[in-house]
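Chains as they are written, first to last, in this note's numbering: chain V, 67 to 178; chain G, 25 to 136.
Calculated from the structure, these hints are not laboratory results. Since we're looking at a predicted model, the values are computed, not measured. All C-beta atoms, glycine included, are put in the ideal place defined by N, C-alpha and C. It is possible that part of the hints are untrue.
Cut-off 27 Å, straight-line C-alpha distance, at most; resulting in silico cross-link-like pairs (DSS-like, lysine-lysine) [what the hints assert, rightly or not]:
(1) G:Lys-80 / G:Lys-61
(2) G:Lys-61 / G:Lys-92
(3) G:Lys-29 / G:Lys-123
(4) V:Lys-79 / V:Lys-123
(5) G:Lys-29 / V:Lys-123
(6) G:Lys-80 / G:Lys-95
(7) G:Lys-95 / G:Lys-78
(8) G:Lys-78 / G:Lys-29
(9) G:Lys-95 / V:Lys-79
(10) G:Lys-78 / V:Lys-79
(11) V:Lys-123 / G:Lys-80
(12) G:Lys-95 / G:Lys-29
With the Cβ distance kept under 10 Å, some of the chain V side facing chain G (calculated, not the full set) [said to hold, decoys possible]:
(13) Gln-72
(14) Thr-73
(15) Tyr-101
(16) Phe-111
(17) Glu-118
(18) Asn-122
(19) Gly-124
(20) Leu-154
(21) Leu-156
(22) Phe-169
(23) Arg-174
Pair by pair, the computed Cβ-Cβ distance ranges are [stated by the list, open to error]:
(24) G:Ser-135 / V:Gln-84: 40 to 46 Å
(25) G:Ser-75 / V:Pro-74: 34 to 40 Å
(26) G:Glu-66 / V:Arg-133: 21 to 27 Å
(27) V:Phe-126 / G:Gln-105: 33 to 39 Å
(28) V:Asn-143 / G:Arg-41: 19 to 25 Å
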Amino acid sequence: KAGVTQTPRYLIKTRGQQVTLSCSPISGHRSVSWYQQTPGQGLQFLFEYFSETQRNKGNFPGRFSGRQFSNSRSEMNVSTLELGDSALYLCASSLALTGELFFGEGSRLTVL
Amino acid sequence: DQQVKQNSPSLSVQEGRISILNCDYTNSMFDYFLWYKKYPAEGPTFLISISSIKDKNEDGRFTVFLNKSAKHLSLHIVPSQPGDSAVYFCAALNTGFQKLVFGTGTRLLVSP
Chain V
67 KAGVTQTPRY
77 LIKTRGQQVT
87 LSCSPISGHR
97 SVSWYQQTPG
107 QGLQFLFEYF
117 SETQRNKGNF
127 PGRFSGRQFS
137 NSRSEMNVST
147 LELGDSALYL
157 CASSLALTGE
167 LFFGEGSRLT
177 VL
Chain G
25 DQQVKQNSPS
35 LSVQEGRISI
45 LNCDYTNSMF
55 DYFLWYKKYP
65 AEGPTFLISI
75 SSIKDKNEDG
85 RFTVFLNKSA
95 KHLSLHIVPS
105 QPGDSAVYFC
115 AALNTGFQKL
125 VFGTGTRLLV
135 SP
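Just need the whole structure built from these sequences, with the hints factored in.
Dropping the structure here:
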C-alpha cells in the first residue's frame, strides 16, 4: 500500500511569493490534515479536511489555505510568504481522525 | 497556549536502560493520547496510544502510562536501543472535536 506522498519535497521561495503544496493520501483515507513543524514549536495544526470539507482549522492567518479534491488529494497554499513561514509542512491521512495518522515525509519550505 | 507540553527537549540514555519521556496536558476534554516517533527527514510515525478510560497500555518494549488526575502521561521504553534515537512527540485528541494537538517533542539519544 503506497504511503502518503507529498510534493515537492524541498522548495525555496522569496518573501511575498506564494506556494502550493500537494498531498496524496493513502488510498481509501478520506481525512487529510496539515501540520507545520518548526524548531521549538513542535507540530502546529493547520487544518483538516474530510470528504472535501474543512472540518477544523488551527490558529494560522488567512494567508494559509487549503482544499481537498474528490479523490481525497489535498493542497495547501500560503500566500504573501514571510520569513517565518520557513518550516517543514507535513500532511497526514487517516480513515477518520482517530489520532492514528499516517504522515508523509513533508515539504521543506525555505523563504529567503 | 500550549495545551500539550513536553518540558524536556532532550534525553540521553544508555543502551539497555529505561527511557522515560514525559508529557503534560491542560485540557481535560482530551480523551485519547498518542505517541509518535520522528527520524530526521521522515514524517512522524505512530508508536502507541491510550484511551482516557485506561491508565496503561503496553506494546512490546513500549508502555504508555496515563495519570488523568495529574493530566500527565509518560512513555517508557525498556530496554532502550540505539535505533530508538529519534524525536518523540506526545499528542492528544478530543475525539468530539477531531483535532489532534501535539507537544513540542523530546529528542531521545540512546548511546551504545
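Status of the hints after comparison with the structure:
Between Lys-80 (chain G) and Lys-61 (chain G) the CA atoms are separated by roughly 19 Å; this keeps the pair inside 27 Å, and the hint holds. At roughly 23 Å between alpha-carbon atoms, Lys-61 (chain G) and Lys-92 (chain G) fall within 27 Å of each other, so this suggested pair holds. For the hint linking Lys-29 (chain G) to Lys-123 (chain G), the alpha-carbon distance of about 16 Å falls within 27 Å, and the restraint holds. Restraint check: the Cα-Cα separation between Lys-79 (chain V) and Lys-123 (chain V) comes to about 25 Å, which is no more than 27 Å; the hinted pair holds.
Between Lys-29 (chain G) and Lys-123 (chain V), the direct Cα distance comes to roughly 20 Å. Compliance with the 27 Å bound is thereby established for this hinted pair. In summary, the hint linking Lys-80 (chain G) to Lys-95 (chain G) is supported, as the alpha carbons are separated by about 14 Å, within the 27 Å threshold. Between Lys-95 (chain G) and Lys-78 (chain G), the direct Cα distance comes to roughly 13 Å. Compliance with the 27 Å bound is thereby established for this hinted pair. Simply put, Lys-78 (chain G) and Lys-29 (chain G) have alpha-carbon atoms about 21 Å apart, close enough for the 27 Å limit, and the pair holds.
Of the supplied pair hints, the one linking Lys-95 (chain G) and Lys-79 (chain V) is violated, its CA atoms being roughly 41 Å apart against a limit of 27 Å. About 47 Å separates the Cα atoms of Lys-78 (chain G) and Lys-79 (chain V), which puts this hinted pair outside 27 Å; it is violated. With a CA separation close to 31 Å, the supplied pair Lys-123 (chain V) and Lys-80 (chain G) exceeds the 27 Å bound. For the hint linking Lys-95 (chain G) to Lys-29 (chain G), the alpha-carbon distance of about 11 Å falls within 27 Å, and the restraint holds.
At a threshold of 10 Å, the smallest CB-CB gap from Gln-72 (chain V) to chain G is about 8 Å, leaving the interface hint in force. Below 10 Å, beta-carbon pairs count as interface contacts, and Thr-73 (chain V) has none with chain G, the closest being about 14 Å; its hint is therefore violated. Satisfaction of the interface hint for Tyr-101 (chain V) is found here, the shortest Cβ-Cβ separation to chain G being roughly 7 Å, below the 10 Å cut-off. Because the closest C-beta pair between Phe-111 (chain V) and chain G is about 6 Å apart, less than 10 Å, the hint holds.
Evaluation of the Glu-118 (chain V) hint against chain G yields a violated restraint, the C-beta minimum of about 15 Å exceeding 10 Å. Given the 10 Å rule on beta carbons, the hint for Asn-122 (chain V) holds: about 5 Å separates it from the nearest Cβ of chain G. Because the beta carbon of Gly-124 (chain V) sits about 8 Å from the nearest beta carbon in chain G, less than 10 Å, this interface hint is met. Interface hint status for Leu-154 (chain V): upheld, as the beta-carbon distance to the closest one in chain G is roughly 9 Å, under 10 Å.
Taken as an interface hint, Leu-156 (chain V) checks out: its beta carbon lies about 6 Å from the nearest beta carbon of chain G, inside 10 Å. Taken as an interface hint, Phe-169 (chain V) checks out: its beta carbon lies about 3 Å from the nearest beta carbon of chain G, inside 10 Å. Because the beta carbon of Arg-174 (chain V) sits about 9 Å from the nearest beta carbon in chain G, less than 10 Å, this interface hint is met. Checking the proposed 40 to 46 Å range against Ser-135 (chain G) and Gln-84 (chain V) shows it holds: the Cβ atoms sit about 44 Å from each other.
The hinted range of 34 to 40 Å is satisfied by Ser-75 (chain G) and Pro-74 (chain V), whose Cβ atoms lie roughly 38 Å apart. Our hint of 21 to 27 Å for Glu-66 (chain G) and Arg-133 (chain V) holds, since their Cβ atoms are close to 26 Å apart. Hint check: Phe-126 (chain V) to Gln-105 (chain G), Cβ distance near 37 Å, so the stated range 33 to 39 Å holds. Checked against the given bound of 19 to 25 Å, the beta carbons of Asn-143 (chain V) and Arg-41 (chain G), roughly 46 Å apart, lie outside it.
Of the numbered hints stated above, those contradicted by the structure are hints 9, 10, 11, 14, 17 and 28, listed in ascending order.
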